[in-house]
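*Asks:* Just so you know, the protein sequences line up as chains A and B, in that order.
Residue numbering for the first sequence follows my numbering, beginning at 1 and increasing consecutively.
Residue numbering for the second sequence follows my numbering, beginning at 1 and increasing consecutively.
Take these hints with a grain of salt, some might be off.
What the hints assert, rightly or not - Restraint-style ranges between C-beta atoms, simulated for each label pair: (1) A:LYS10 x B:LYS10: 26 to 34 Å; (2) B:GLU207 x A:LYS129: 36 to 44 Å; (3) B:LYS129 x A:ARG34: 21 to 29 Å; (4) A:ALA173 x B:ILE136: 50 to 58 Å; (5) B:ILE136 x A:SER138: 31 to 39 Å.
Unchecked claim - With a Cα cut of at most 25 Å, we get these calculated DSS-like pairs of lysine-lysine: (6) A:LYS152 x B:LYS176; (7) A:LYS141 x A:LYS26; (8) A:LYS67 x B:LYS67.
Unchecked claim - Incomplete in silico selection of chain B near chain A, CB under 10 Å: (9) CYS61; (10) ILE62; (11) ALA66; (12) ARG71; (13) ALA72; (14) LEU75; (15) LEU79; (16) LYS107; (17) PRO110; (18) LEU161; (19) MET168; (20) LYS176; (21) LEU182; (22) ARG183; (23) ASN197.
Derived by calculation from the structure, the hints in this document are not laboratory data.
Where is the CB? At the ideal position from N, CA and C, for every residue including glycine.
Protein chains: 2
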Amino acid sequence: MLHEKIDELKHDIIAYAQHVEEMLLKSMDGLVSRNEEELATVIEVDEPVANERELLIDDVCITLIAKYEPRAVDLRNILMILKINNDLERMGDHAVNISESALYLIKRPPVKPLVDLPRMSEIVTAMMKRCVDAFIESDSKEADAIRLEDDKVDQLRDQILRELITYMSADSATIKRSIHLLRIGTNLERVADLITNICEDIIFTVEGRVAKHHHDSD
Amino acid sequence: MLHEKIDELKHDIIAYAQHVEEMLLKSMDGLVSRNEEELATVIEVDEPVANERELLIDDVCITLIAKYEPRAVDLRNILMILKINNDLERMGDHAVNISESALYLIKRPPVKPLVDLPRMSEIVTAMMKRCVDAFIESDSKEADAIRLEDDKVDQLRDQILRELITYMSADSATIKRSIHLLRIGTNLERVADLITNICEDIIFTVEGRVAKHHHDSD
Numbered sequence: 001m002l003h004e005k006i007d008e009l010k011h012d013i014i015a016y017a018q019h020v021e022e023m024l025l026k027s028m029d030g031l032v033s034r035n036e037e038e039l040a041t042v043i044e045v046d047e048p049v050a051n052e053r054e055l056l057i058d059d060v061c062i063t064l065i066a067k068y069e070p071r072a073v074d075l076r077n078i079l080m081i082l083k084i085n086n087d088l089e090r091m092g093d094h095a096v097n098i099s100e101s102a103l104y105l106i107k108r109p110p111v112k113p114l115v116d117l118p119r120m121s122e123i124v125t126a127m128m129k130r131c132v133d134a135f136i137e138s139d140s141k142e143a144d145a146i147r148l149e150d151d152k153v154d155q156l157r158d159q160i161l162r163e164l165i166t167y168m169s170a171d172s173a174t175i176k177r178s179i180h181l182l183r184i185g186t187n188l189e190r191v192a193d194l195i196t197n198i199c200e201d202i203i204f205t206v207e208g209r210v211a212k213h214h215h216d217s218d
Numbered sequence: 001m002l003h004e005k006i007d008e009l010k011h012d013i014i015a016y017a018q019h020v021e022e023m024l025l026k027s028m029d030g031l032v033s034r035n036e037e038e039l040a041t042v043i044e045v046d047e048p049v050a051n052e053r054e055l056l057i058d059d060v061c062i063t064l065i066a067k068y069e070p071r072a073v074d075l076r077n078i079l080m081i082l083k084i085n086n087d088l089e090r091m092g093d094h095a096v097n098i099s100e101s102a103l104y105l106i107k108r109p110p111v112k113p114l115v116d117l118p119r120m121s122e123i124v125t126a127m128m129k130r131c132v133d134a135f136i137e138s139d140s141k142e143a144d145a146i147r148l149e150d151d152k153v154d155q156l157r158d159q160i161l162r163e164l165i166t167y168m169s170a171d172s173a174t175i176k177r178s179i180h181l182l183r184i185g186t187n188l189e190r191v192a193d194l195i196t197n198i199c200e201d202i203i204f205t206v207e208g209r210v211a212k213h214h215h216d217s218d
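Construct all of the structure, not just a fragment, from the sequences and the given hints.
*Replies:* See below:
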C-alpha cells in the first residue's frame, strides 16, 4: 500500500517537473519570439498552478510519513521527493524572473542576436529531463554524469557576462537591457544548480555516498 | 526521549544559523574594511564547516524520523528543521558569493562610497536573528512581522541597481566593479528571501496556515 502511494507520488513529481520545464521553455521562447502573451501566461497562469502543486505534494509527503511510518529506503525516498518538490518550486520562480526580464526586453530593440542564452536554456532543460529520468530509474551513474553539464552552463554564463560588458562599455544605452540579459543568464544558471542539487540527492539516496557541496555559482 | 532529541536538534540548528550569520557579517565587513584575510576565511574555512554541519543535522533528522516514528507536531518540527537546514546551507553559499565579489572589489578603487549595501546587510542579519528567535519561541506573529522587512531589502536592491546604472553610464570603466556590487546586492536579497521562506514555514507549522508564495525576487 505504501509502495503504491510512493509510486503515485513519483508520478505527481514527474508531472510537476514537466510543468516547470514547460515554464522554462515558454519563458525562453517568449523572449526569442517576442511573444508577450506567452510570457504573461508563465507569470499569471503557470506560476500559481506550480505553487498549488508544491503545496499538494508537500502535504501528501507529510501525510505518508505520519500515516505509514516508513523506514530506510522508503523514508529516504519520500524525504527526497519533499526536497525535489521544494527545488522545483524555486525553479518555477526562476522561470518567472526570466519572463519578467523578457517582458522588459521584447519591448526594446535587441542588444545583440540571442545565441548563448537559448543555447544555455537548451542545456538546462535537457539536464532537467535527464534528471527526472535518473530519479525514476534510481540511476546514480546518470545523476553523476548530469552534474558535469553544470560546468558548461557556468562557462556559457561567464561568456555572456564578458560579451555584455563589451556591449555596455561601447554603448551606455545598452546597460539596462544588458543587465536584464545577464539576469536571465543568472537565473538559468541557478536552475542548473538546483538540478545539480537534485542529482546529488539521487546519488545519496541510491548509493549512500555524499556527492554534495558542489558550490552554487550565484 | 524524542523531545529531548528535538531540543538538541534545535540547539544544533541555532548554532548553525549563528555560524552562517557570522559568515555574512564577515563577508560584508571584509568588503567594507578591505580585509582580504577575513574574506578568504569565509570561503576556505567557514564554508566547509557549514557544509559539514548541514550533513550532520540532515543525518540526525532522518535518524530521528526512522527511529522514533514521530507524529503530528513532532514530525512537522523535524521536517521544518530539515528545511531550515537546507536553507541555511544556501545562505552560506550566498556569503561565499559575496566574499568572492568582495575579493575582486577590494583590490580596485571604490566605485562609490558603500552605504546601501551595508544597510541592506544590517537589515538581513537582523531578520536572521529575529527569525531564529521566532523559530525557538514558535512565534508565528513575529514570523509574520519579519516577512515585512523583505520589502525594504527589495527596495534597497532596486535603489542600488538604479544608482549603479548611473555610474556605469557615466564611466564605462566602472562596469565590471558595478556588476560585482550588484551581485552582492542580489545575494543579500536572496538571503532575505530564504529567511522569508523560513518565516512562512514557521507560520505553517504553528498555525497550519499557508503563508507561502511570496515570490522570490531574483
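*Asks:* Return the numbers of the hints above that this structure violates; sort them in rising order.
*Replies:* Of the numbered hints given earlier, those the structure breaks are 3, 7, 16 and 17, listed in rising order.
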